[in-house]
Amino acid sequence: MSASTAQTSAAIKAANAASHAEYVTFRLADQWLGIPVMIVQEVLVPQRIARVPLAPESIAGFLNLRGQIVTSVDLRTTLGLTLRADDAEYMNVVVRHDGELFAFMVDEVGDVLSVPNDAVEPALATLDQRWRAACTGIVRRDRGLLIVMNVRELLRLEHVAS
Amino acid sequence: MDDLLRDFLTESAENLAKLDNDIVELEQRPQETSLLNSVFRTIHTIKGTCGFLGLSRLEGIAHAAENVLDALRAGRLEVRSTLIGDVLAAVDCIKEILGHLEATEAEPEGDDSALIAKLEYWLQVAEGTTIEPPKAAAPAPPADWDGSDRRKQAPKPEDDGGHHHVSDSTLRVGVTLLDQLMNLVGELALSRNQLIQLASAHEDSEFANPVQQLNRVTTDLLEAVMKTRMQPIGNAWTKLPRVVRDLSHANGKQISLEMHGAETELDRQILQAIQDPLTHMIRNSADHGVEAPAERRAAGKAETGTIRLSARHEGGHVVIEIRDDGAGINADRVRRKAVERGLVKAEAADAMPDAQILRFIFEPGFSTAEKITNVSGRGVGMDVVRSNIEAIGGTVEISSQSGRSTTIRVKIPLTLAIISALLVGTAGEAFAVPQIGVVELVRVTEEQHDLIENVHGAQFYRLRDTLLPLVPLHTLLRMKATASLDSYNIVVCQVGEARFGLVVEEVFDTQEIVVKPVGRLVKHLQAYAGCTITGDGRVIMILDTTGIATMAQVSSNETREEAAEAAKRSLALAQDDSKESVLLFDAGFPALQGVPLSLVARLEEFPLSALEEADGHFLVQYRGALIPVLSANPSMDLRAMDPRPVIVFSDRERTMGVAVNEIRDIVEDHVTLQRSATRPGVLGVCVIAERATEIIDTDYFLRRAHGDWFQQERGSTGSHTPKRVLLVDDSRFFLGLLSPVVRAAGYTVSTAADGKDALARLERGERFDIIVSDIDMITVDGVQLARTIRGNPAWADVPLIALTARNSSEDRAQGLTAGFDAYLTKLDRDLVLSTMHNLLTEQRVAA
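Quick mapping for you: the protein sequence lines, in order, are chains A and B.
Take the first sequence: its letter number 20 is residue 20 in our numbering, and every next letter is one higher.
Take the second sequence: its letter number 775 is residue 775 in our numbering, and every next letter is one higher.
Honestly, I wouldn't trust all of these hints.
Examples of chain B residues lying across from chain A (beta carbon under 10 Å, computed) [said to hold, decoys possible]:
#1 G186
#2 A430
#3 Q435
#4 I436
#5 V439
#6 V442
#7 L476
Source of the hints: derived by calculation from the structure; they are not laboratory data.
No residue lacks a Cβ here, since even glycine has one placed at the ideal position from N, Cα and C.
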């Protein structure tokens, strides 16, 4: 009896884990976005960034994270939003993708959200093309929509832009 | 020791150690088929390799043991301890022989028949031919082998300090682990640099000593880790004897390949990169360099040719030389070929020393064209060889003594992971330039600005007797330059044969830096070779001089040469502007025709088959574009000659050819137009080399070939009433050249023979919208003219352009102070026209 209870609860846990996904949320202008928590390595305050002349516009440059080179990407530029004021505050969301580190410059970092998979709706057809390409789904929240982004596509947008 | 044998010993030692355990375990668990299989495989591998290496004794034992194990696997025998004992005896014997091999590189003498007989006995049991169980007595040991002796001989590392066995002293380590180590040590070195920088601020701090110690250890560690990645260059040479042998057999040649310095070590990454280029060059030497025996005999050489391959360390680099005593390279043939291929102009090629001519062998246009064995054939793919070597920061040079030898010298860095770099700064950013590409540093102060020449919008620096094309880094990287600098620095870079000067604001120092790859998002940028982290934790970009040369187009021979030639011409003009190089040609007119060489882009010969007729016009494929070809003489039949000599003129985007009968000569003479035009297409007649010569009007031909372009130019002046231009110059030749250009651009042109003439016309009440004047004139010179004009309220507003050969900054300053609005150097037509246009537009806006 007790053995079977343990089995059941493990099964429920597994099912829950499979049906929920956790997202790191961040804000760009008025919009909240989310990326899977698994790929986020850390969140950093602004760092000294070395510019890379001739690089695509949205590449802010390189930063040194404990001896590792991180490519800093300004998501506002990537996603076609207005540029951040020079003195505006921002945060870096460091993600690891294909063995390489990227720092997404975002306006504000929010909570880690656990979202049931069935609460993620397909992207709206009316979304800006650049957004739609990288958007894997939309979550309705009391505070407004959370757009779930795919990092691979975000970085591919970068490539197209270059 | 032979590499193959060394590998075999290392591998066998690892396998045999496991084998003992496996066999013992097998005895306990006879049903374990995976164990049995593993034991079988090990013995099988040893047997196979022994046969390959010619180790017959070892092979015999391994073979017998393998058979027994095979019978076990097949279930024809059962595991029992006597059997296992015999197999273990075989394994011991194998170990014994391996130990001997390691020490002497040869199998020991000995008789294994007893051991083999015992093993074969088990096979008989398996076949059922013997039912008698093996004797319980201990097996007779092989004649030269005794169990107790073996134990004595067994290696004892503890009391054997001096002697290390290969199998003990070698470890197999994954390359990924080595790369990871390299990375970590690199990061450690960076932290060390940061610490040193911090510590240097507090010299008497208690940290000073430990930091010094850390510094020393880190440096040693770095070196040691670098060494782990080093491999002898001989590893890249193993295939070469075979390549040479096959080629010499195929071609009926006798070639001996000598290899020296195979132990020279370099980074494995570099080793991989040079393997193909090396093979290619050796192949070339064997294939095209060394002659057939008969030919060699006739030339008084030994029938057997020699290719000598050598490698050595030379100041942080590895120098590889490939030298053959073959026929050498005939420089004159290369010269002709280079001219034919359009890589260099004929007159420039003649002036080049042989050593320089040979470098064309590395040009893409040279080698891919066709089979060129008659040029001693070093062509095919040498451009690829060069680019591969340059890609790892190396250089390649070729030299040859015709009929005697050819030597190719390759210089490559030891490693790519850590490089020595020069730190420079421009527009507030720091960059690293790999030291291997840097030849020298030049500091240009304000007084030396005269040494900078402006030619067709490109800048050159007069470095001793050469003209160095300048590439301002901030322009290249599209950065905002710091406003007007009094002095700056030129980093003279060498990329292959090309040299250029990278203009930077500051030069800091030289550092050993760890090269880190740039991320994928900026990988496509040619300008960078990677990035690094400096002592203070900043990320800075490492510039790729090869990429920069490509971006700035200083690497291609052609542009460099053309630019340098243009620069030379302008210098020649500056020194002696009355002399002019004129190209003379025959176009079927009674008189010879001439055209200033400065207007000629190139001389070509097109085969008749290349000329295409379309809509009554002739066109030819030229560098990927169709260009029109006109006859210099309307009565000329373009088809009457094959190939047809053509003079190519270029006007920025527009290119066209004028077909002639024969190119006669290039002469330098004082050119004065004696009579004006006799027919369209001719500017006038002058005496050159004591013969009357018609100077052709290139603009007439360009206009006929590209009518639309001049239409646009006319439109661009933006006014329906043509602007009136006064051209002032005491050279009729020059006026003759310039007037049609200006007229063609939609202006009404008047000319004055000197300053006095110009003032006379102004005083007569003639009015001009713009005046373009020479400076050097006898009666009233340009400076006086400008002062007079600016001093007279009636004319003071007229835009003035100085067009002169004088180019020093004093002259420029004097001209601008006198009242010229622009000061241009002869003769850039486009610049003259655009300056005129700009000044007139400005004036209109101001009004």
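We went through each hint and held it up to the structure:
The criterion of a C-beta within 10 Å of any C-beta in chain A is met by B:G186, whose closest approach is roughly 8 Å, and the hint holds. Interface hint at B:A430: satisfied, since its Cβ lies 8 Å from the closest Cβ of chain A, which is below the 10 Å cut-off. The criterion of a C-beta within 10 Å of any C-beta in chain A is not met by B:Q435, whose closest approach is roughly 21 Å, and the hint is violated. Violation of the interface hint for B:I436 is found here, the shortest Cβ-Cβ separation to chain A being roughly 22 Å, above the 10 Å cut-off.
Hint status for B:V439 relative to chain A: violated, with the closest Cβ pair at about 24 Å, above 10 Å. Taken as an interface hint, B:V442 does not check out: its beta carbon lies about 23 Å from the nearest beta carbon of chain A, beyond 10 Å. Taking 10 Å as the C-beta cut-off, the interface hint given for B:L476 holds, the closest approach to chain A being about 8 Å.
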